[in-house]
Amino acid sequence: ANPQTPAATSAAEGTAAPAAAAKPFLTVAYSEGGTTLDPAEANDLTSDTLVLAAYDQLVTYGIKSDNGANIANTEDIKPMLAESWEVSGDNTVYTFKLKPGVKFQSGNPVDAAAVVYSLERVAKSSSGSFLYGMAAIKTVTAKDDSTVEIALTNANHNFLQILAMYTFSIVDKKTVEAEGPDYLKTNAAGSGPFTLEKWDPATEAVFTPNEDYWQGAPKLGKVTMKFTKEASNRVLLLNKGDVDMAIEIPPKDVDSLKSNSNLTVASNASNRILYFAMNNKVKPFGNEKVRQAINYAIPYDELLTGVMYGQAKQMKSSVASNTPGFSDAGYVYEHNLDKAKALLKEAGYEKGFTFDFTLGSGFDDWEDDAVLIQAELAKIGVTMNINKLARAQFLEQQKTKNLTAYISKWTSFVNDPGYHLGFLMYGKGSSNYNNYQNAEVDKLWEQANTETDAAKRAELYKQAQEIITTEAPWAYLYEYNRIVGMSNKISGYAFYPDEVIRFYPLSVQE
Amino acid sequence: MSTAAHSAQGSPTAPAAAHKPKTLITLLLHNRLAALGLVLILIWTVTALIAPWIAPHDPYLTDMANKLQAPSGSHWFGTDNFGRDIFSRVLYGARISIWTGLIAVAISFLIGVPLGGVAAYYGGRTGTIIMRLMDVLLSFPSLVLSMAIAASIGAGLTSAMIAVGIVGIPEFARLMFGQTVSLREKEYVEASRAIGVKNSVILYRHILPNALAPLMVQATLGMGFAILTASSLSFLGLGVKPPIAEWGAMISEGREYIISGQWWLVTFPGLGIATSILGFNLLGDGFRDVLDPRLRSGK
Amino acid sequence: MIPALLGIIVITFILSRVLPGDPAIMLAGEQAPEETVNKIRQDMGLDKPLYIQFFSYFGQLFQGNIGYAYHTGHSVASDLATRFPATLELTLASILIAILVAIPVGIIAATRKESILDHISRVFSLIGACVPIFWLGLMFIYIFYSILGWAPAPMGRISGDLNPPSHITGLYVLDSILSGDLIALKSSIVHLVLPAICLSTGTMAIVARMTRSSMLEVVDQDFVRTARAKGLKESAVIYKHALVNALIPTLTVLGLQFGYLMGGAVITETIFSWPGIGGYVTDSILAADYAPIQAFTLVSAILYCGINLAVDLIYGLIDPRIRYE
Amino acid sequence: MTELLEVSGLCTEFTTAAGTIRAVDGISLSVRKGETLGIVGESGCGKSITSLSIMQLLPKRISRIAAGQIRFEGRDMLEMPVKEVRGIRGNRIAMIFQEPMTSLNPVFKIGRQISESARFHLKLSKKEADERAVEMLRKVGIPRPEKIAQQYAHQLSGGMRQRVMIAMAMVCSPQLLIADEPTTALDVTIQAQILDLMRELQQTEGMSILMITHDLGVVAEMCDRVVIMYAGQIVEEADVATLFNKPLHPYTQGLLASLPQLAGENDRLTSIPGQVPNPANLPSGCRFAPRCPAAVDRCWAERPELLEIRPGHSCRCLLQQEEVS
Amino acid sequence: MSAILEVRNLKKHYPIRKGFFAKQVGAVKAVDGITLSVEKGETLAVVGESGCGKSTTGRAILRLIEPTDGEILFDGTDVRSLDTEQLRRFRTDMQMVFQDPYASLDPRWTVQRILEEPLRTHAAAKNSELKSRVEELMQVVGLTPYQAHRFPHEFSGGQRQRIGIARALALNPKFIVCDEPVSALDVSIQAQVLNLMQDLQEQYGLTYMFISHDLSVVKFISDRVAVMYLGRIVELAPTKELFAKPLHPYTQALMSAVPVPNPGLKKSRIVLTGDVPNPETPPSGCAFHPRCPFAMDKCRKDEPVLRQLDSGHQVSCHLY
Ligand SMILES: Nc1ncnc2c1ncn2[C@@H]1O[C@H](COP(=O)(O)OP(=O)(O)OP(=O)(O)O)[C@@H](O)[C@H]1O
Ligand SMILES: Nc1ncnc2c1ncn2[C@@H]1O[C@H](COP(=O)(O)OP(=O)(O)OP(=O)(O)O)[C@@H](O)[C@H]1O
Ligand SMILES: [Mg+2]
Ligand SMILES: [Mg+2]
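Residue numbers (this note's numbering), protein chains in the order written: chain A, 46 to 555; chain B, 3 to 301; chain C, 14 to 338; chain D, 1269 to 1593; chain E, 5 to 324.
Bound-form chain A, shown alone (with noise of 0.2 angstroms):
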């Protein structure tokens, strides 16, 4: 940390308010500096991050404690601006009653109009636009100044959850109309505990507490995002002290950092799924058994140790383990060249085959992987041809579908099984790229869409999984643990499915 005695700050900053300067300074090393502020458009993490520390939503994910460690219940729906809510009957119209006398930063008060606005915003969107469609909103409407009505399409189970993500924040309409459309692109008009002060996408995020606060004030002075591309400059900084906290830490250094008595690293199973695709289009991946042969020749050991450093978790359904409904059903993979070699010589290619693989580049383990991979591949006389593109060009090229293999990763903004393998899995899924197509998934995920009760959902979520690990159009590798690195100081922090680092619950002891 910066211990900095408030009269050294106050002649550096010379603006900050008496009352916050008493408070301690938070400092956060990210990767990325931030695409934009806008709620409806955020969909990186470094903007969601900086959309959550400036804005509230109506409601919030509750918070539970797993092995002493705080993690996000994304099923326990909490009220956030919204007071209480009520659901009709046929669960398609919702109700809120908006908790009084909370305002924006601006002063303006959080009212009807403003939910409205935001939530027109985001059907309108560029980026949030799918997740509104994804709610089944229908229509939004203010019934007076502080009760809104959202009609749904039809009943959605997860309408809550996503309702609750930051896309869906509430956004000053009058501010906006005043400032105009671009607004919201570089400044934040929200109603959350920090005001931004400056943020600047090359170097540095700041924030000032919101001193009036409706929960209450921030217990941060004030909080910076430090922007750090290189991982291991992430690293030597929280060595140092030079920042109080940092994210996305390689694995492999989470080791050193523990055994720093000054930090602490959290690491927490996400739902952040990494796995092996085979276009079941393209020979000979249509066969099932070399999808299966190759899910046995995966080095799983190597790949969570080797590459991990144990920071992961094996894999062991399409769905993350850490999503209610998550089932192993039908997994039975395990290294094993034998059986590897025994499938490939029933699929008719005892001599192996020779296949294309498209890396795509921003992730480090990513390519360890593929080249643990071929190595062990070669061991079945499978060559893998490792094409390498830059992320742009692979996420266009994966659009295509006609990628042979690939490895990918997917988080699921709602942790939800439909929501993940409508994506993924479905037929006509818009994520599944590898061309996986299978009648009875795509029936048992329809029927599960209407299912209103949740055991009778988590039965057939299961049974599409068993049928999923068994066709296995992808080889599982691994569910990543999300990492953060942080001083012994800092108290408060929670694990969010979304990754995002919510800074108004954090403290820090001086």
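Don't read these hints as lab results, they were simulated from the structure.
Mixed in with the good hints, there may be bad ones.
[What the hints assert, rightly or not] As a list, the in silico DSSO-like pairs of lysine-lysine whose alpha-carbon atoms are at most 27 angstroms apart:
#1 B:LYS200 <-> A:LYS454
#2 D:LYS1391 <-> C:LYS253
#3 D:LYS1395 <-> D:LYS1415
#4 A:LYS183 <-> C:LYS253
#5 C:LYS246 <-> D:LYS1391
#6 D:LYS1514 <-> C:LYS246
[What the hints assert, rightly or not] Residues from chain E that face chain B, not an exhaustive set, calculated with beta carbons under 8 angstroms:
#7 LEU68
#8 ARG92
#9 ARG112
#10 HIS126
#11 ALA128
#12 LYS130
From the three backbone atoms N, C-alpha and C, an ideal C-beta is built for every residue, glycine too.
Let chain A serve as the given structure and place chains B, C, D and E with the ligands on it in line with the hints.
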């Protein structure tokens, strides 16, 4: 735009004893630094050629049980994060780097020299356009240009070579242009014209051979540049594909490990790059000294 | 100048468009469905034929609009405005270091040709030219920050707990001098030193070599002999008569180095987390973000032309033959 | 007679790749007060090296004066400390060179280049020196000297430049002017102007001139005495009338015969066969023997000495010496 | 006698270009209207000071540079109308010897190759004959054939100039332009080359256009002399006549300026004032008038034309 004296490339060679290959080699060997450069290049070239036979380990054999071993008797340069033998990878890296350099320089040379020669000898509008284009190419930051080209063709060894090659074209074109402009005015060229020799023949038989010396200097120095740029591309993730043992890529992969004290992952490939470039630069400099009689006589 | 500019614009455009990758996908995020991507693509005008895109780009350019960077969410102009001074400061510092170190080294080497000093400086300049920046940068950080603790954290241009000096030129060192902020001055200098040295090694090497060889060449010339024949002191001969003439080719090389430095900045900035334009363009290339790539190449090409124009002007100052032509 | 400059037994050697070359081999000559001594010889015979040896302006690393004395006003310049040599150079002995195009520093104004020696040697103030420069320019017949003083070398024609060179040499009123082929690069009409100027200055200033040339016509018009050089040695020395009328050495005779005459008829030129020997590979006997029409066996074996054959007329030829004795 | 070459009003203006668009801002009038004829077997000398356009004239006649204007008739052929291919073939008839023996031979080629080049280019000798033909050429110019495999730098200046002459002779030309072939050589060597050239002329019946700035050389070698000043011929006359009775003030000054290697001879000298003017901005009227001791008003205004006075003596001066 500046087209001011490109004096770095030395002036057209004066008639001197250096024109015979025998004396050239002897003169080079007399120049101690050039001889050192030659030795370095020879070492790396030979290494590149016989890497498969002298490498103690398979450079691509992963051995997770032995990863990140410090240099030792069995792994002279230690092992990387996959347990691969860095010494063997460095040896194999020589193949990639020297090959990349050669191809890239060949591309620059084979495109740049004819462009420059034709632009200068025939002059006129085409000549102006060619040289303006070269100026434009030259005005882009070379690394950024090669990044953009490499990214356009798709990362990989071949595209790195092409990218670095394209970026090197203007240097050769300009050099050849300058040489041709000055040689074109030489009386022996005019004598051939007076005899009725065709322009293309003059360009090929008189001008090219006489421009060759500075072009060779440029080619040698260009090798260094090409190796460096190609490894920079790899460092930025636009070079070779994994798991190919390329020095720049090795440094890129190993950089994360410096902070945890595993310095050998980047140090040895770094030395590989440095020494091979040093070799080419020394040779190029020596070449220039030998070919430039003024510097040679030390007058 | 104008045809060259046109050429630069066309090449930049082509280069950025042949880049594979779809900015719309990048912008939409990987979970966005096809319709979202298409909508963005339309908004960006990417669905139009290439020549229309070019004309609209060209038209925009003409109005001074260099576009919008999707990967940062800012207009390219504002991105450049915030990042460019950082790169400029870095580049200028390395040029300065190169000049201050390399020219004297080159002169000493030339005047004491074949002496130990000459050999040492030649070897150093040769080594300087062949050490990859990225390797040097990593080593610098490891040694000076990680082990010795002399250097500040490789994180930006000024210590995190300081406010940057008030914005006058955007160059922190200069700004802190201008605003008399000594604390910021010290901090920004110590932050600048390592990356600048790292970036300048190649230039230093080349400038030293160039100075040496052009000095050797000039010292041979008739007018230097004339100066000696006047009975002038050797120092006057070298520093008055020879040096000015020898600086002319050195200057050319310095001008040509600019392109190299801009390229080198890409790597240096990545390694030192220097908030400049270099890291920005790398990201843009990897993200297939056209506008910043176009703007960057355009700006640096123009700068390159400008710098070489300036070099020509300085020539004029040094060399009356050029001035009067 | 007063000898102003007396060179005796001067040997100058060069170190080359092919070994040590003795470019000047035992030259002895003297220049008296007020006279003009000419040195004539073919290209490469060592004329320039002789003059550079006198001025001690030889390229240091590769050449050295191996033997001999150079007495200026009775004191051996080779024994003097460098500082004193500098005090003489440009002050009491001045030199002008063959190439007026390259012998002036291109980046300094003419006036400054002239005033430089005045300030250095005569310790004049800047203003005085500048005035002196203008005065010198006027003296060498340059129109509008104030204006020319403010110009640069490239703005002047060859003849003007050579005048400037002369002005520069004359600025400290030297006792001796060494002129190394001062008119070779000039056109005849301009050459005539320069030669006139030199004669005039010699008369008004009373200085001595050491005139190096390969043009026998220039010698005939300018010199009092002549020294003929061949392959690094003096082969004949005489006053100018004697030399032209009664040349003794076969080389001198051949030289005169091979000149196409402007006045008078010449059907066919008498030429000296062969070529100047390579200084690295000299004949063992008389150096001219291979080309000498009169050479006998002895000439191939013995090295002739330079002997005074008649008063004031020396010759290095065995046959002539035989005849006389 | 008949004229082998007729040149009428030959002009060569080098454009002066400035700025980015290389706009033409002026012209160096290197040759500005030259009319002369060369008789078969004679030597026409062209003298003049540096930069007066001698080389340009020679090169323009051979079309090594494209003339700006004028007519060149060689043996009845209009040289300017030839296309590239015709010109190439035509070159067997006209050759050139260059000034700088160091720069006129490709340093990387052996003498053998240099001398073969013209023969191969025009298939003037069968491959089997090449060797003997080269030997023959070398003998003709006084070189020993065993030197054929040496490189130019292994020869002295005089020898190189012989090689250059041999190359010019290889195609049996009728006409040779010699551009200052001896001015880079020492006097003793110069005499050898001049003698050789004279011998060759007799032997092969060659016609020379001999460019020089050295009047004594010109006097020795030429039959007729053209004196050039600033791109024009100011006087043209048979050698004897010109040297006996120079008419143009410039010719007179030129002759009197040449130092005579005879210390006894004290002659009165006309020393011209001023420098040769710049061909970019030639003086009005007679280009010589600013330096002419006899300049009249008329000379400043009117350009004199080259007029025939008597017995082939032409002069361009208002005095006559
Ligand atoms: N830098 C050098 N290195 C080696 N030898 C040299 C060098 N300079 C001169 N020489 C030798 O000295 C000899 C005499 O040279 P010098 O310049 O005195 O000739 P010169 O009589 O002045 O000729 P010129 O009339 O061409 O000026 C030459 O033949 C050459 O061999
Ligand atoms: N390529 C060219 N471009 C422009 N001007 C030229 C060119 N070649 C020659 N000139 C100019 O034309 C004029 C005549 O040149 P030319 O070479 O014919 O003179 P010259 O009489 O042969 O002189 P020298 O005795 O020096 O050889 C000169 O003023 C010269 O500067
Ligand atoms: Mg000389
Ligand atoms: Mg000429």
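Q. Regarding the hint that HIS126 (chain E) lies at the interface with chain B, is the smallest CB-CB distance below 8 angstroms?
A. holds (6 angstroms)
Q: With a cut-off of 27 angstroms on the C-alpha distance, tell me whether LYS200 (chain B) and LYS454 (chain A) pass.
A: violated (64 angstroms)
Q: Under 8 angstroms, Cβ to Cβ, is where LYS130 (chain E) needs to be relative to chain B, so tell me if that hint holds or is violated.
A: violated (18 angstroms)
Q. Taking 8 angstroms as the limit, does the beta-carbon of ARG92 (chain E) come near enough to a beta-carbon in chain B?
A. This hint holds: ARG92 (chain E) lies near chain B, its Cβ roughly 4 angstroms from the closest one there, short of 8 angstroms.
**Q.** Hint consistency between LYS246 (chain C) and LYS1391 (chain D) [alpha-carbon to alpha-carbon, up to 27 angstroms]
**A.** holds (14 angstroms)
Q. Does LYS183 (chain A) pair with LYS253 (chain C) here, judged by a C-alpha cut-off of 27 angstroms?
A. violated (83 angstroms)
Q. Does ARG112 (chain E) pass the interface check with chain B, least Cβ-Cβ distance below 8 angstroms?
A. holds (5 angstroms)
Q. Between LYS1395 (chain D) and LYS1415 (chain D), does the CA-CA distance stay at or below 27 angstroms?
A. Holds, because 16 angstroms separates the two Cα atoms, which is no more than 27 angstroms.
Q | Hint check, LEU68 (chain E) versus chain B [nearest Cβ-Cβ separation less than 8 angstroms] | A | holds (6 angstroms)
Q: For the pair we were handed, LYS1514 (chain D) and LYS246 (chain C), check the Cα-Cα distance against 27 angstroms.
A: Distance of about 46 angstroms is beyond 27 angstroms: violated.
Q) Was the hint right that ALA128 (chain E) lines chain B, CB cutoff 8 angstroms? A) Hint violated; ALA128 (chain E) Cβ to chain B Cβ min 10 angstroms, cut 8 angstroms.
Q) Under the criterion that the straight-line Cα-Cα distance not exceed 27 angstroms, is the pair LYS1391 (chain D), LYS253 (chain C) satisfied? A) It holds: about 18 angstroms lies between the C-alpha atoms, which stays within 27 angstroms.
When the structure is compared with the earlier hints, violations turn up for hints 1, 4, 6, 11, 12 and for no others.
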